[in-house]
Structure formats: C-alpha cells, structure tokens
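> Please put together the full structure from these sequences, using the hints given.
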Amino acid sequence: QSALTQPASVSGSPGQSITISCTGTSSDVGSYNLVSWYQHHPGKAPKLVLYEGSERPSGVSNRFSGSNSGNTASLTISGLQADDEAYYYCCSYAGSNTPWVFGTGTRVTVL
Amino acid sequence: QVLLQESGPGLVKPSQTLSLTCTVSGVSISSGDYYWSWIRQHPEKGLEWIGYIYYSGTTYYNPSLKSRLTISVDTFKSQISLKLSSVTAADTAMYYCARQYSTSYFDYWGQGALVTVSS
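Residue numbers (my numbering), protein chains in the order written: chain A, 968 to 1078; chain B, 49 to 167.
The set of hints was computed from the structure by calculation and includes no laboratory data.
Some clues are possibly wrong.
[Unchecked claim] If you want the ones that stay clear, here's a sample from chain B, every Cβ over 10 Å from chain A, calculated:
| id | residue |
| --- | --- |
| 1 | 59 |
| 2 | 112 |
| 3 | 120 |
| 4 | 134 |
| 5 | 135 |
| 6 | 159 |
[Unchecked claim] Derived pair list, reagent style DSSO-like, types lysine-lysine, alpha-carbon separation capped at 27 Å:
| id | chain 1 | residue 1 | chain 2 | residue 2 |
| --- | --- | --- | --- | --- |
| 7 | B | 93 | B | 114 |
| 8 | B | 61 | A | 1014 |
| 9 | B | 125 | A | 1011 |
| 10 | B | 114 | B | 131 |
| 11 | A | 1014 | B | 93 |
| 12 | B | 131 | B | 61 |
| 13 | A | 1014 | B | 131 |
| 14 | B | 61 | B | 114 |
| 15 | B | 125 | A | 1014 |
| 16 | B | 131 | A | 1011 |
Glycine included, every Cβ here is placed at the ideal spot set by N, Cα and C.
The following block contains the structure:
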C-alpha cells in the first residue's frame, strides 16, 4: 500500500487560508469516508485535528475544515496563525490488508 | 488528561530485538471502544502504521512487519509493549504509541521514542 500524496510544503500569511491536499486511490480515500488529519509540532505528540473527512474533535478550532472529492481529501486552515506552523499528515483507512495508510506530510509555514 | 509515554532503549544492534513500552495514564486501557496502536516515522519520511492491540489481547499487524512483530498488553500496569525482532537499519525510526478509535482515527499520541539501529 503506497503512502497518500501530499504537497511537501504550503505557506501563507497570517489571516490567510491555505488548503492541503491528500491524494490516494479508489482503495483508500476513494472508498472510505475515514480520512483523518494530524498536526505535528516536532518534539511534541501529534494532534488529531479532523476525522471522518470533516469532523472536528472537541477543542479543535473551527478554523480547521475538511472535504473529500473522489480520491482526494483536503484540509483547509482559515485565518492562519503563527501556531499553525507545523507538519500536517493525512491518514485513510484502506481495508483489511494494510488498514491504515498515512500521507507523506506537508510542512506549513506562516510567513 | 490522557497521556501516553513511550520508553525503551534508543540504540539497538542489527539482528537484535527492538523493545518499547507505552505507559498510558488518564484513561483506562481496558475501555472497550479503543485499540492501542504503534506507528513509526522513518527519518525524513512519512508515518507507517505498525499494528494494534485490544485490551483483550487481540492483535492486528501490518502484513509487512507481521513475521517480526509482537504487541502485548498489561492492563494492570496500563502498558502496551512492542517487540520487533531481527532489526536492520531500515527499522531506525521514531516510534509512537497512539489510542485508536475503531477504523476511524488516532486521538491521542505519545511524544515518540527514537530508536536507532546501529552496531
């Protein structure tokens, strides 16, 4: 099972919106509405920011939103803030063989 | 507050067994709704799901690691353990434990334990 494809880096100015794509296949992203997104500040524990495509866990800012279209999922961060600078990973359920596959990761830089 | 903390040797020799422990606090490891997973990240690369265990001892492993992998649980100590045998340099990675809800998501993670395989 190959990793999901994400852009290596995305940047934006404070207050702007950015979108990170996560492209898989019909065996993972395209088959299940089970894409989750994680924010990772190096040296800290990764943090769940979205699950099942667009659901936010309790305590996560509504500046984080998600969507799915075909084999591609997307994470949008609106009103970009300095603390949003981190790595972001998507993850999708991919069936019984290798159940969970992660994205390649995107470094978000706040200019 | 749910906390997961990985621990174990940071350096393992090739062909030996990598052993890590994840200590869980703030929540019962025996909660029926959750699995307990191990996930790793190779240097400069993405994340790889290793396997999970349910509090009853039921396991599910990544097929690519299954022949070398053992995950176990100690509910009394609130710990999950990982053993990966016959390691090579390709097993050098940051190893994370995480709480997993069904097939959906990993909602709590540890900070990770860096393991280097080298002679």
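> List in ascending order the numbers of the hints, as given earlier, that are violated by the structure.
2, 6 and 8
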